[in-house]
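Peer 1: Here is how the chains run, residue by residue.
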Amino acid sequence: MRNMIDINRTPIWIISFALLAVLLDPARSYGQGEEVTSYINRYKQNEVSTGYYEEYEMRPANERPFVKNFHRIARKSFPYSSTAASIRNRSLLADSHRGIKFYNNRRCEECHIKETKDIHTTRANLTCRQCHGPEPIASIDHYYSPLNPIRRHAYVCAKCHQGAGASFAGYVIHEPPAGSSTAKADFPALYYSYWFMMALLAGTLAFFIPHTILTGVREMFKRKKG
Amino acid sequence: MMQTLRIKRFNILDRSFHFFLILTFLTQTATGFSRLFFPTVWGKNLTAVFGGYDTSILIHKWVGILMIFGFIFHTFYLLTRIDFHNLWASLFGPDSLIPTIRDAKHLWQRILWFFGIGSRPEIGRWAYWEKFDYWAVYWGMPLLAITGVMLMYPVIASRYVPGWTLNIAVLLHRAEAILAVSYIFIVHFFVGHLRPSSFPMNEAMFAGSIPMEELEEEKPVWFKQLKAEGKFETVKVNPPSLLYKIIYFIFGYAALGVGVYLLINGIINSRYISLH
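Protein chains in written order, with the working numbering: chain E, 1 to 226; chain Z, 1001 to 1276.
Honestly, the hints are just simulated from the structure, not real lab data.
C-beta atoms are modelled at their ideal positions from N, C-alpha and C, and glycine is treated no differently.
One or more of the hints may lead you astray.
[Said to hold, decoys possible] Label-pair ranges, simulated between beta-carbon atoms:
{"hint": "1", "chain 1": "Z", "residue 1": "1272", "chain 2": "E", "residue 2": "206", "range": "23 to 33 Å"}
{"hint": "2", "chain 1": "Z", "residue 1": "1239", "chain 2": "E", "residue 2": "123", "range": "48 to 58 Å"}
{"hint": "3", "chain 1": "Z", "residue 1": "1118", "chain 2": "E", "residue 2": "116", "range": "19 to 29 Å"}
[Stated by the list, open to error] Derived coverage of chain E by chain Z (criterion: at least 3 residues anywhere in the stretch with Cβ under 8 Å from a Cβ of chain Z; other residues may be distant):
{"hint": "4", "stretch": "98 to 111"}
{"hint": "5", "stretch": "170 to 182"}
{"hint": "6", "stretch": "188 to 201"}
Produce the entire structure from the sequences given, and follow the hints as far as they go.
Peer 2: And the structure:
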């Protein structure tokens, strides 16, 4: 009888070790519970919507006359593989990561650092997929991309911002750092208002702090004399 | 005898506006900073004081609306102060808050005086730094109000202005708030409390009146003006009661403490946040 039990336990051990091996396998375990580049993740979040927006689709229009196309900047970055390098314009692909090696099971933040600084990610705790959608992630300017400006407001922004219109979708989500030279080239209004306010702040404080301190010092001396 | 003689400087409405502004401004700073510094531990703890990230913006919005009404009310009050029959004299006269060429001269004289050259400028009813105080708040409020309302209703706002102006609105709202906070909590607090001539606290804005000697010393031109007009009798008031004095001292120092606390923690945590 005792022997029987021992024999029955063997598969349990085997299964446990196999499970442990799977769990410890970096490729499987890496992104557990996090947002990774697989396709089932957060699919539901992608589908939920307020359902209220202005037009369904609109004619392509220039909603942002003073803002350049940000996503084109990204093209300069390092190509992740030889196939990836052969694709010149990644802004028009159905799968923007086509041919990029080691894409699976990685977090978006690892490759797109600049895009993690926006208000939606840092404050509202949105995941990238809530806007960029499930796999394959379409390039921004691909004709059927949900983030294409002709339908971005309805397909993406209106999920959370009830009644969003095309103009609202003109808000620059991944804005460049306001004081940087990138901002100067691509979003001059942001750049100049930033430096205007900085100059005002620095000027006011640089004038009034010495002014008040000197007043204090001077009044102290006056007291002593009198 | 002379010590009890006090001259009225701020009427009850002026003082109410100031009191209202202290309360709302501190609330807006605390709730606003709790959101601005949310990525830091201190900011998270501060939002907890107001019931979390969502409730703190709710308070921020309601108090903001209250401030807008206060601002509108104040503007109407300001218009009633103008003597429209005598517009020029009323706008650029000695009792007006509008900066004039005299203020530039006073500023220059005062800078020389800092370094021991010449005598102190003969300042009238409103010194140039007091005028600056006033107008800094007066232009800052509409800027914060407009950008704030835009961010409160971004979808509606974007029907009237292009969406990218919301990026600018966020930036301006934060930058102007930081400007106002650092000016008030550094310069205004120094002038009101730490300056030797007003230490431990400049009571004019709470008591509503200042002693005669202080008037003669600080605002010689206004003193002469009152004397020439023979108005001394009409602007004489009683000193504040002891109880009232205790209350406003406690209140003033509480406000000072809150402000300095927010300022120092804001400076410490400033490198973890960005303006946009």
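Peer 1: Against this structure, judge whether each hint is valid.
Peer 2: Outcome of the hint check:
1. Z:1272 <-> E:206: 23 to 33 Å: 24 Å, holds
2. Z:1239 <-> E:123: 48 to 58 Å: Once the Cβ atoms are compared, 51 Å apart, the range 48 to 58 Å for residue 123 of chain E and residue 1239 of chain Z holds.
3. Z:1118 <-> E:116: 19 to 29 Å: 58 Å, violated
4. 98 to 111: violated (count 0)
5. 170 to 182: Per the Cβ count (6), the hint holds.
6. 188 to 201: holds (count 8)
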